[in-house]
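K.L.:
The listed protein sequences derive, respectively, from chains A and B. When we follow this note's numbering, the leftmost residue of the first sequence carries the number 1, and every step to the right adds one. When we follow this note's numbering, the leftmost residue of the second sequence carries the number 92, and every step to the right adds one.
Don't read these hints as lab results, they were simulated from the structure. All values reported here derive from a predicted model rather than from experimental measurement. Ideal Cβ positions, reconstructed from N, Cα and C, are used throughout, including at glycine. Don't take every hint at face value.
Per the computed footprint, the stretches of chain B lying under chain A, defined by three or more beta-carbons under 8 Å from a beta-carbon of chain A, are [to be verified]:
1. 131-143
2. 147-153
3. 221-232
4. 235-241
Stretch by stretch, here's where chain B covers chain A in the computed footprint (C-beta under 8 Å, at least three residues) [what the hints assert, rightly or not]:
5. 6-15
6. 28-41
7. 53-60
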Amino acid sequence: MTMVKGSVVVSPSGVASGTGFAKQVYDVLEAGTDFQGIVGTQLQSAKLLIASLANAAAELIPYVAANALVTTTDTGATPIAWTGTATGTVT
Amino acid sequence: MPMVEAAAASLVFAKLDADQDYGSAGPAQVASARAQLQVIANAFAKCIPHLVSSGIVTTTDTVAVSGAAPSPPTAGAVVGTGLGQVGGLIQGDAEASVGLAGAVMGVLVAGQVFLPGADVPRARISLALLADACAEFAPYVMANAVVNTTVTGVATTLGANGPSSGTGTGAVA
Chain A
1 MTMVKGSVVV
11 SPSGVASGTG
21 FAKQVYDVLE
31 AGTDFQGIVG
41 TQLQSAKLLI
51 ASLANAAAEL
61 IPYVAANALV
71 TTTDTGATPI
81 AWTGTATGTV
91 T
Chain B
92 MPMVEAAAAS
102 LVFAKLDADQ
112 DYGSAGPAQV
122 ASARAQLQVI
132 ANAFAKCIPH
142 LVSSGIVTTT
152 DTVAVSGAAP
162 SPPTAGAVVG
172 TGLGQVGGLI
182 QGDAEASVGL
192 AGAVMGVLVA
202 GQVFLPGADV
212 PRARISLALL
222 ADACAEFAPY
232 VMANAVVNTT
242 VTGVATTLGA
252 NGPSSGTGTG
262 AVA
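Next comes chain A alone, as it looks inside the complex (with noise of 0.2 Å):
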């Protein structure tokens, strides 16, 4: 598997579906979030705006799977072909 950008978008209903670490973070803020006594259009905004964070927030993704570079240090033993393990670091 690999990250997954995502989105989330809401239905006039105000219900939010989507994909991705976009809709992990949504996930969260919902969960954490208090609508009660908001119904109608004032729930759709509510979970607009929150759902425009996640969204946002879902942009490092990309950015990190176009730009991060990897570094290892692998040791094994000759002369033949080896399987190993190497340790390194995200830059």
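Given the coordinates of chain A, assemble chain B onto it according to the supplied hints.
P.N.:
Same frame as chain A, but now just chain B:
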């Protein structure tokens, strides 16, 4: 090109700004709103230095050795590929100022992302929620990021099974 926190912040800000309907707001109001969006973007971008400073890459590599011989001693080459993941990230907790959430929260609080007349303690709870949500970045990357590397290096000939080593470079997907 290595990752740059400011560049990530610019991308997040652009997305936030594009989503806003400033309507009939005056220039001062728009400027104020955009300043707050910039703070949020800067806060979200804290994911980048956290990944760089705390991310630990582990890979499993399959490498072919060629050209190395024990007698006469002949150096060879290793070439291969690796596949792995990222670990070491700390999701943390915004209110406790721990980990990535704490770093994001710090930027939000320092930037005073409070509406005029806001109940600040109550607003802090909202900021903490925002920071904790952003910090989902940490477990998400560790669970989903795939690291691919290319390994190249030198094989030496200290005995029939002498050591070899290499340096890998790669990308995160």
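K.L.:
Give a verdict on every hint.
P.N.:
How the hints compare with the structure:
| no. | hint | in the structure |
| --- | --- | --- |
| 1 | 131-143 | holds (count 8) |
| 2 | 147-153 | holds (count 7) |
| 3 | 221-232 | holds (count 8) |
| 4 | 235-241 | holds (count 5) |
| 5 | 6-15 | violated (count 0) |
| 6 | 28-41 | holds (count 4) |
| 7 | 53-60 | holds (count 7) |
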